[in-house]
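Visitor: Here is what each chain is made of, one letter per residue.
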Amino acid sequence: MSSATAKRKRPEPKSLTPPLTGQEKVIYELIRSRREEGIWSKDIKQETDIAEAVVNKCLKVLIVKKLVKEVPNYQNKGKKIYMAVEYQPSEALTGGFWYENGKPDEESIEPISKLCTGVLHNMGVGTVEDIANAVRNTRALNFDCPTMRILQLVKALVLKGQLLEMRSTGYGEFSSIPVGAVCYKCVTKTALPKAGAFASIPCGVCPHLSICTPDGLVSPSNCVYYGKWLDF
Amino acid sequence: MSTQRGIRLAVHLIDSHFGHLVSKVCECLLLKGSLTLNQIVSNTGLPRPDVKKCLLVLIQHNCIQPFTLEQRGGFEEGNNVSIHYTPLFDNILHRLRFSKFVLLVMNKLGKECADLLQGLLEHGRLTMELIIRRAAESTKTEAPDAVHDAFKRLVGARFVERCPDSEPFIELPTDEEATTKNRRSKFAKVVPQTIEQRAIAAAIPMEAKRFLISCDTGSEDTTETDKDAPSILSAGEKRKRDFSEIDDELGAAGFQKEVLWRPNFEEFVRCLRHKACIVHERLRLDEGAAIVLSAMLESSRNPEGGAVSRYSVPMSLNAIYEEVMRTEVGRTMTLDHVRTSLDQLGCTKNADDLYSVDLSNLIQLCRNEEVESFMLKKYGGVAYMIFRLLSKESRFFETDKISQDILKEKVETQKILFQMWQDNYLSMEKISTPAPKTNHFLLWRINQDLVWKQVLDGMYHAALNLINRVSFELNKEQELRELPSSRITGVLVSRKARLLKIRYCLESSLMRLDDAIMLFHDF
Ligand code: SF4
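Protein chains in written order, with UniProt numbering: chain E, 1 to 232; chain W, 1 to 523.
The following block holds chain W by itself, in its conformation from the complex:
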C-alpha cells in the first residue's frame, strides 16, 4: 500500500541518503511502477549514463528489483524480452528503521553480530569475504574466526540472506496456465499476482539455498552450478541465459558471479511484529500472557516462512509450558496459569490438541487502539465511544441507536458523527420511511480498511514533517554544532542542551510513529 504521501516519504529518504539524482529515478519508478531503462530515461529526462548509475546504487541498496519480462511480439514476430526495474517501496522505508534492526540483533545475538549487520546495512549487499574483512579491519581484531562465527549466527538466525536472483525471468503464461488462472480467480476469488509480485517472488532463492553458507569464501561459479544441477533449470531459466547479454548495459545487474549477502528484512519484520504483539498483550492482559505468547512465538518458526502469517505455529500445552519454564518469571507459573493465559490470548486448539494464536487478530487490536487514541485526541471522548461502538460490528447504526448506546445527547452525537463523516472516517446513508408519515433516518458505518489507509497516509506525512523539522532545527543551530566543545560556554551551553532535547523529542517521536507505520503497513 504505497500512497502518494508514502511515496513522498520514500523519495525523501532516498534523497537524503543518496542524493537528488538517485531520488529522481526512484520517484519515477515509485510513481509509474516498473519501467525499462529507456522508459526511465525518457520519463526523467536524465542522461542515460546517470540513470544507469542511479539504478546501480538502488540495486546495491536493495531498493529496486530488476527482472526480465517476456512480452508478446507483434504479428509474425517472436516474443520480446526486456529488462524492467521495479521499486521496492517497503525496503526503502526500512531505511528509516535500520537502528531498530541493529538493536534487535544486538539483544538477540550480541554486539559482534550487530556490528556486522550495521556494516551490511550501510553497504546494502556484500560478499561474505568483504563483510568479514571489513569487520576485522574496523575492530582491528586478529580473530577473523570470531567474525566468521558471528556471520554464521546472523545467517543461522535468518537475519542475513543470500541476495535474490539479480534478474529473474518472467515468461508469458502458457495458454493452459492462463485458462486455469481465469477459472480459478472466477470461482475462488484468488487475487491474481501482479507481474512485479511474481518477479520479486521468483527472485528469492529456494529455501535451502537462501541461508546456505558454502564452504568457499564467497565466490560461486554459475557455470559450475549449471553443471551440477542441469535438471532443475526450467525452460525459462535456460532462455534467460540466452538473453543475459541484454543486461550487459548495466554491468553489475547482470549475472552475479559471487554470492552476495544482504539483510533479510522479512525476518526483521517478523520479529518486530511478534514483539509488538507481546508488548501489547502485556499491557492488555498481564505478564503471564506475555510470557506464554512469547514462548509460542519465539520457539517456533512458521514452516511456510514469510514475515506475516495469520496464526502462530501450533504447539502442545506441554511444549508451551516447557518453553515458559525456561524464563525466570515463567518458572513461577503453574500449568493452570498457562492454560488461563492461552484462553485470554484467544488461542484455539486444533484436533490434535495443539494451541495456536491468531496473530492477525492481535495486530488488529493494536491498530484499533492506535486509531481510537487518534479519534479521542482529534474529536474528543464522544467520538472515541462512537468509534469503538461502530468498529465492533461492521454494519450500519442509526443515529438514535448510537446516542442511546453511548448515553449521550442526540444533537451532540449527530454533530460529531457529521464531523467524522466529513473527514471521511465514516460512511453515511440516508433512508426515509414512505409517505404519508415521512421520517428520515441517518445510518452510519465505519469502513475499517479505508480508515486504516487514511490514518497510515497521515502517518507517512507526519513522519516526513518530523524529519523535516529535525533538519530545520539542526540547520538553525549549524554554527553552534560546528563549535568545538571548549568554546561552548555561558548561554551557549543551554542552547546546546535545548537542541539536544528537541532532537531527542523529535527523533523518539519519529521512531514511535514508525512503529505505528509498521503496524499498519508491514504487520
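Looking at chain E on its own, in the form it has when it is part of the complex:
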C-alpha cells in the first residue's frame, strides 16, 4: 500500500524561510495566502502592481529557493498557476480529488479501491460509512480520506460491476443497517456480467453488420469472423 500512503502529504508549516527581498516577500505572501487554489501570474501583477518582468524574475527566485511551485491547471494548460510548495493543488486545478493534473491518479485509485472491496468482502454488506471506517482502521492511508471520497471510489466500483448497490431491508444480512439505507455488497463470481447472447456471437460486435447480406461482398458464408469462431 506504499503508493496509497504516498498520496497527498499533509501540509507542513515552513518555519525557516530563506531571506527574501521586499518584492519577493510581497509576492510570496500573496501566493501563500491563496493556499491550494494558487494564483495566476497575471493576477499577481495586477494585485501587487509590480511590473511583469519583475514579477517573473521574483517567481524564478522563489522557485529556485523551493518556496513556490508552478502547478498545472487541467482546465487551461497555458495558464501558469503558482502555489506555495506546502500546498497540494485543489480539485479545481487537478480535476478532482482522485486526479493529478487532470489525469486519474491510478496509483492511488487502484490500491484504495482494492482495499474498499477487501474490507467490504469481509463485512458482507455495509454502508459507505462502514467501508470508509474500515478502510481508515487498516491504517494503510496516511492522508485524510473523507467518506465522501471513498464514496466516489465505491460508486465507480458499482459502475464497473464489481460492487452491488442496494437498500437495506433491516433484517437478515441487513440487520445492522437502518431500513432503507443505501448499502453495498461485493458481486459474487456467478453474478459478474455474463456475456449476453448478442455479444457472444461474431455478428454482435461486427463492424460490417450493416453491409452483410447473404449474396453480398460480405456475407455469412464468406465471413472471416465466423471462420475463426468455427475453427474446430
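Don't read these hints as lab results, they were simulated from the structure. Here the structure is a predicted model, which is why all the values come from computation and not from measurement.
The calculated label-pair distances, taken between Cβ atoms and stated as ranges, are:
1) W:Thr433 with E:Lys194: 42 to 50 Å
2) E:Lys194 with W:Asn424: 20 to 28 Å
3) E:Ala92 with W:Leu317: 48 to 56 Å
4) E:Gly78 with W:Arg445: 27 to 35 Å
Below, a list of computed lysine to aspartate or glutamate pairs in the EDC-like style, where the Cα atoms sit at most 16 Å apart:
5) E:Lys194 with W:Asp515
6) E:Lys160 with W:Glu369
7) W:Lys392 with E:Glu165
Here a beta-carbon is modelled for each residue, glycine too, at the ideal position from N, C-alpha and C.
Starting from the structure of chain E, add chain W with the ligand where the hints point.
Guide: Just chain W with the ligand now, with coordinates in the frame of chain E:
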C-alpha cells in the same frame, strides 16, 4: 416492433418453411401492412389463384389474420365492405422457437402433451378429432382416451386454444364513438388502436369460449349457435353474416363450421417471460429469491389474461409461503427468509397487505444487462461504465462529470463517447456559455428506447446470419451427410464430428439469441 431486418428474418423463415411463393405474399403483407386480395395480386404480380393458395397456407399456420373492414363509400353510396389480410409478425417469428414451446410443455405436462403440441405446431390448426386421430396413429396407441386426456390438459393449461374468428367484422366507429375517442386521446394520451390491432383483438374468442372443449368431437354448427344466443350477436356480427359470401373466394377462410384448435402463443410467451425473470433473479440474487418469485408467478394467473402484464397477481405472505413450502428447497426457508426475498425482489405491498412484483422492472434489468454486455464487448470497459452511468438516469451528463464519475481520463472518455454517439447509441447536445468567456460543453444522454430498438434490429440481422451460416455449412457437407454411416471412416469421421460441432455451436447460439430477441420484442 417489426423493423426492416425483422421483416427479412420473418420472410426467410416463411421461405424456408413454405417456399418462395408464400414468402413473397408474406413479404408483401409485412412491408405494406394489411391488404385485400386484389391489392396483394397487383403488388406481387402473382396469379390470383396462387395468391389465394398462399393466403390459405398462411392462415392455416396462423401467420395472417383476415378481417372484414367497413369503409365509407363515396357520395350517395352505401358503405363498402372488403376483406383484408393482416400479417402476424410475432406469430411468424414464433416459428423459430417451436422447439422451446415443446420443451416447455414436456417439462410441465409430460411427453404425451408435448407430442400432441408438436403435431399441432406442424399443422398450424386442426380439429380436436384430427389431433387425437393423428396422435393415436403415430404412437400406434389403442387408448384414444389417454390422448384425449392429454389434449384436455393442454387446453386446461391454456397452451392450446380455439382458433380466433376467421374473419372478424370491423365496423366504422359511430359518430359518438369517434368524438369520445378523440376527446379521450387528447386528454388521457390514450394510444389509439390501429384497425389491425382491433381486428386481432376482435377475432379472439371470449374468455369462456376460448378454452372450452365441447362434449361433441369437434364440429360446431354455427346456425345452432345463432339460435342459442341470438341476443349476444352485435349488429356488426349480423351484418357480417350478410357479407360472408364475399369471402367465398377464399373458401377456407370463410365461416368455419368446425372448431379448430391452435397453439396459444400468448401463453408460451407468458411462461417464457416468467422463466426468464426467475433465471435472472437466481443469478442476481439467490436461490431463495428465485423460489419466492417462482411461487408468486406459477401459482396465480392474471385475471386480465394477456401475455405481458406489468405486475404479478397480488398474493398474501401466507399464500406465498405455502407455495414456497411445496418445493423441496423452499421447505428449508423460514418466513423471515421469504420476506427478505420479497424485499430483494422489490415487491410492493398494497393496502390489503398483498405482495406483487414489478415484472416489467425485472425485464428491464435483463434488457440492460444484455445491452451492457454488448457495450463491453464492442467498445470496452470504459464504455460499459459510461453506459451503466447514463442508463441509471435519463438525463444529460456533461463530459467532465462522466469522466469524474467513472474515474477515467477526460480525453479517453470523450473519445468513447464520440464512438458511441456516432453509432447512434447516445444523443449529444452542445452548449456554450455566453461571451466574453465562451466555454463549450458537451452533454450526453442515452435514449433507452432507441438503443433497445437498435440492438433488437441488430439481433434480427444476426439471427438471419446464423441461419444462413448453418445452411451454408450443411450444403458444404451435403455429400458427407448423404453417405450411409457404414461408409463414414477415416478422415470422414472427424469431418462429420466437426460438422456436428459447428451445427451445435450455431444452433445453440441461435436459440440463445432468440431468447434475447424475445426479451426485447415479446416480453
Ligand atoms: S456474418 Fe460475419 S461479416 Fe457478416 S455481420 Fe456477422 S460477423 Fe460480420
